[in-house]
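With the hints as your guide, set chains D, W and L onto chain C.
Chains as they are written, first to last, in this note's numbering: chain C, 1 to 337; chain D, 1 to 337; chain W, 1 to 337; chain L, 1 to 337.
A couple of the hints might just be wrong.
Given that identical chains are not distinguished, each listed pair holds provided it fits within a single copy or across any two copies.
Claimed, not checked - In the SDA-like style, the derived pairs of lysine to any residue whose C-alpha atoms are separated by at most 25 Å in a straight line are:
hint	residue 1	residue 2
1	Lys-186	His-212
2	Lys-306	Gly-84
3	Lys-99	Glu-221
4	Lys-304	Arg-206
5	Lys-3	Tyr-313
6	Lys-304	Asp-229
7	Lys-186	Arg-291
8	Lys-110	Glu-129
Just so you know, the hints here were simulated from the structure itself, not pulled from any lab data.
Bear in mind that the values here come from a model prediction, so they are computed numbers and not experimental data.
4 protein chains.
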Amino acid sequence: MPKTRQWTIDGFGPKNLQISTTDISDPAGYNVLVKTEAVSLNYRDKMVMETGMGLDLKFPFVPVSDMAGIVEAVGPDVTRFRPGDRVISTFSPGRIEGKGLGDARNIPYKTLGGFYPGVLSEYVCFSEEWFVHAPLTLDTAEASTLPCAGLTAWFALIERGNLKAGDRVLVQGTGGVSLFGLQIAKAHGAEVFITSGSPEKQERVRALGADHVLGRDDWVERVYELTDDAGIDHILELAGGPAFGKSLQAIAVNGRISVIGVFEGFEISGPVAPLLLKSPTVQGISVGHRRALEDFVRAVDRVKLKPVIDRRYRFDEAREAFNHLNDGPFGKIVIEF
Amino acid sequence: MPKTRQWTIDGFGPKNLQISTTDISDPAGYNVLVKTEAVSLNYRDKMVMETGMGLDLKFPFVPVSDMAGIVEAVGPDVTRFRPGDRVISTFSPGRIEGKGLGDARNIPYKTLGGFYPGVLSEYVCFSEEWFVHAPLTLDTAEASTLPCAGLTAWFALIERGNLKAGDRVLVQGTGGVSLFGLQIAKAHGAEVFITSGSPEKQERVRALGADHVLGRDDWVERVYELTDDAGIDHILELAGGPAFGKSLQAIAVNGRISVIGVFEGFEISGPVAPLLLKSPTVQGISVGHRRALEDFVRAVDRVKLKPVIDRRYRFDEAREAFNHLNDGPFGKIVIEF
Amino acid sequence: MPKTRQWTIDGFGPKNLQISTTDISDPAGYNVLVKTEAVSLNYRDKMVMETGMGLDLKFPFVPVSDMAGIVEAVGPDVTRFRPGDRVISTFSPGRIEGKGLGDARNIPYKTLGGFYPGVLSEYVCFSEEWFVHAPLTLDTAEASTLPCAGLTAWFALIERGNLKAGDRVLVQGTGGVSLFGLQIAKAHGAEVFITSGSPEKQERVRALGADHVLGRDDWVERVYELTDDAGIDHILELAGGPAFGKSLQAIAVNGRISVIGVFEGFEISGPVAPLLLKSPTVQGISVGHRRALEDFVRAVDRVKLKPVIDRRYRFDEAREAFNHLNDGPFGKIVIEF
Amino acid sequence: MPKTRQWTIDGFGPKNLQISTTDISDPAGYNVLVKTEAVSLNYRDKMVMETGMGLDLKFPFVPVSDMAGIVEAVGPDVTRFRPGDRVISTFSPGRIEGKGLGDARNIPYKTLGGFYPGVLSEYVCFSEEWFVHAPLTLDTAEASTLPCAGLTAWFALIERGNLKAGDRVLVQGTGGVSLFGLQIAKAHGAEVFITSGSPEKQERVRALGADHVLGRDDWVERVYELTDDAGIDHILELAGGPAFGKSLQAIAVNGRISVIGVFEGFEISGPVAPLLLKSPTVQGISVGHRRALEDFVRAVDRVKLKPVIDRRYRFDEAREAFNHLNDGPFGKIVIEF
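Excised from the complex, chain C in its bound form (with noise of 0.2 Å):
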């Protein structure tokens, strides 16, 4: 049997992440094996390589969510792919439709790099569910962004938002889920609004295609000027902690909040006021099931959106990508193989 070579960590902390190699076998049963052709990472990807995030991590570790790759071999009851689909992973492994997973106090957070072995690997093993064709419109290294950053932003503005021509949508930042959130809200013939401190990336999601561009502080009464104080029909929060409260002012009456993030330690507060009067919807969003990353994809199909890469590094420069998302990458940090 070949080897595969695949990064890993023994314990927390970046300094542990080695390359080192592992057996590869034939699928069974309902398992596929998949060659990996690109890698997406996420910051929450570094958050667990340096913290666990309270997950029962098993050591050596393989990080990393989000994987486009290439069909090698099938189990003997497979039946929704054959060798040589060009697939994406899915951030949930087992999530098809409908509820999410778990319970009230079991919080479920069963994923890929995480729960779950990650897929910075050049081969990986998964069941068949696991998987979703990739569009036909994007390269792996596009293709691979999808599952998390992409289906968020999707989730929330579509599946959730049912986003319509000509509503008003506001974006926090420059980061992966942002500039998809823009490219999907343009898709849908919405009119957008993004907040960013840097005025280069500031000229960059203008050529996007966003119609407004705010400083990163202050932005709601610039909102209120540009919206005759109608406000924000979606909001995508970003921020979270006390700045949650500008998206309450921001909104505009029965609007919607979609709260997406970074998580760990972090606190969400703001004023009762708008909450109660003008009564938005306010909807937690933690990426998406499968079914609705099968729509997304075909969607980027038909739309022909292109997902932003800020740069992609190879196989072995990963602690280098790592690195990178300190700096608020522009869109998405690629691994190609």
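Chains D, W and L only, in chain C's frame:
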């Protein structure tokens, strides 16, 4: 023209509350003249009297938002009512259906006994659009409790919440909205949890059909035990502040938290992790619209829901009635005329 | 290995129905072996037996789709059940939640007792995914009536219909789905109208809580009278054919008509004017998914819903039980083992 | 007081159509006086003129429901408009939001150019509630096409249909509603199928962005081929009659069919099997409410949607304009004043 007696204030504070008289005139245009038979008090009526709640009140100001009475005369353009009809008021005049009033900057809070005059008056003369028919199965005192407290619970659980039999509902405390929540939830076959710090009130909610009566604090662990960790599908959050965090802990995956309550100066805060990972819908509730009140009236008659009145006062006991609000009444306080 | 007895057919037609024996083997993988204690019959079971309904049945074929029983043994991979658990079957194996199975061309009709083997057998051995826990408050015969007839009514009225107290519901006839519809609607505080041509059955539905009992024909005008012209909010359409036009006449503005029923060779037709002008939602109902069945089981236990069984037969009376279906039973026909 | 010219009929039939004059008076109360700049014709305008469609018309009757113009003067109570504002009419005056008008028995069909007077007049004087602001990006002729044909397509696809990018939409024919459906669907990133029997029109819809152009008959099999059997997510059914059966065959599992169209004397019919087994939602569409029209106007401006006008006639060419309706125009027929 006859005179009518009414309670008014000339300045903030209950000490200014006094009986005065004013003229009654024939209703013009679309107006109807209604002889008030009962009003019910909300804690907010007291706050408006004491602080104005930031509203631009015109003195002499008649307080109180909720009433029931009998149509005495109708203007020439009126089509919805005839003399002799029993009616109840609507809390937010002009909010017929659909979206709430106002915009993002100018928070809509145009209610009777606030932006508009109140109803603690022997006669009121308003547009026909501001009333709905009273239920057939309630006496006037009971009917007067529906427009604010009753509709709030209905709007949260039914209009927005789509409650169904078997769902788990938790209501906090034993005030007017809470007991309506209990009764509405039971009428739809839900399993109802209620919190209370008073053994005597705990006994009384059991008699009203509560399935599980919990202490006022530390109820989260008890919820886990009673639901086999599944948690609560719908929570009526009446406490606010950091106590909101308990609701986030107790809520089921993809559950719903309706935030209700007094909002002057209050913040809401809680941990982000359960908001993200369990993805509940958090929904501010600002009473509701007229169509939902009509639905609720129809339901009250159908299921024979009897609002819980803690005590009925006479017209000249208005000061005592307001004082009672401070004692945490069990259900509603009503003034009968 | 022990033997099990089962009713099978070797060719279409009830005359071919006979008892045969087969082997029981230990459940492998994710399978569970369930000892059948009761099955309930649907008219569709009879049609499958007589005509195959276009399905590619494999002979000897075991008929009947709905059962309740006790888990006797579980395969090594099973996690959802343990021996001794009381379970009921699901009508459409593999339909967990969300969208129905199949595609536009290939109409999905993969059910037990059809595409899959049936349950008129002393033991069945299926995937654990094909079962849910039985309600605690029903005996096994009652529990066996939920998977098809019960879930159909629940799915129409609750999962898709969001029924609320005070809504007006009309069910046609007094078969299994209709009586479940009546009971589920009453459990949610609805006002229930039911049609029946038999004075004796009219008496019995009154005893079950029906608010208005109408004749089998000419019920539209009666609905107008009883509802002050408002019409019916939700109709369970079980007749089909041109009778569908009556439902279009009786439906309220923006109401909902759930089309249910035997469909072999039938058309549906009606006038377009009320469909356009009252804009009802017309919804075909094909039983429902497993998550909804679990919700329904929880509701049955909570509201103590008792399915109506017209008559219970013994295992060796299967032929008589099937014949009874022709007589228009009042509720369900059950075979106890 | 000045005079205004208008087209009127004194009896049914286009032969009675003639220009007459009437007085203009200052608008009272909540009325606004609007100088008509353009009206657009719907086939229904012609039917009302020819048969009355069962409505109790008052002669002389001014036909046509849809107009755009400029506010000339406002009554003393008007707050929504000022002189000089460009406005369009609403099709169903008084339907602001939420439920449709009327009840089950009395089918609501209170529209301009029907129950209410029409707009084929140089001036109209109606309540301010009957108008909305015109889009900024359309000329007046284009704006006049939104209230009926445009809103119908928007209401079906967006307000009720929650269309999203990647969804498959099929529209039948190339009349006004169909081309709006095509444009609205494309603006939301959908994949659009359109049927037409004319090679020349097929060419033109391709230029408008249609992804797939099908023949007028036998399009079901072609849909299966083009969608890999998945079928169509949302069909705008404009044919009615037994052709509805085709839509039931082509619809995807859990898809949506919006029934739209001329309804005088028509039936709808189709096979029950796909209605049950694929469980589509069938939804009658009767134009829509004012809030949705305001949403649509906002979307038109945002996505720069340009209504398709087949031909513009002058005021004195009204007869020729009506005749054109018989020829199956490509998009809308407009009369400019």
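* What hint numbers does the structure not satisfy? -> Every hint satisfied by this model.
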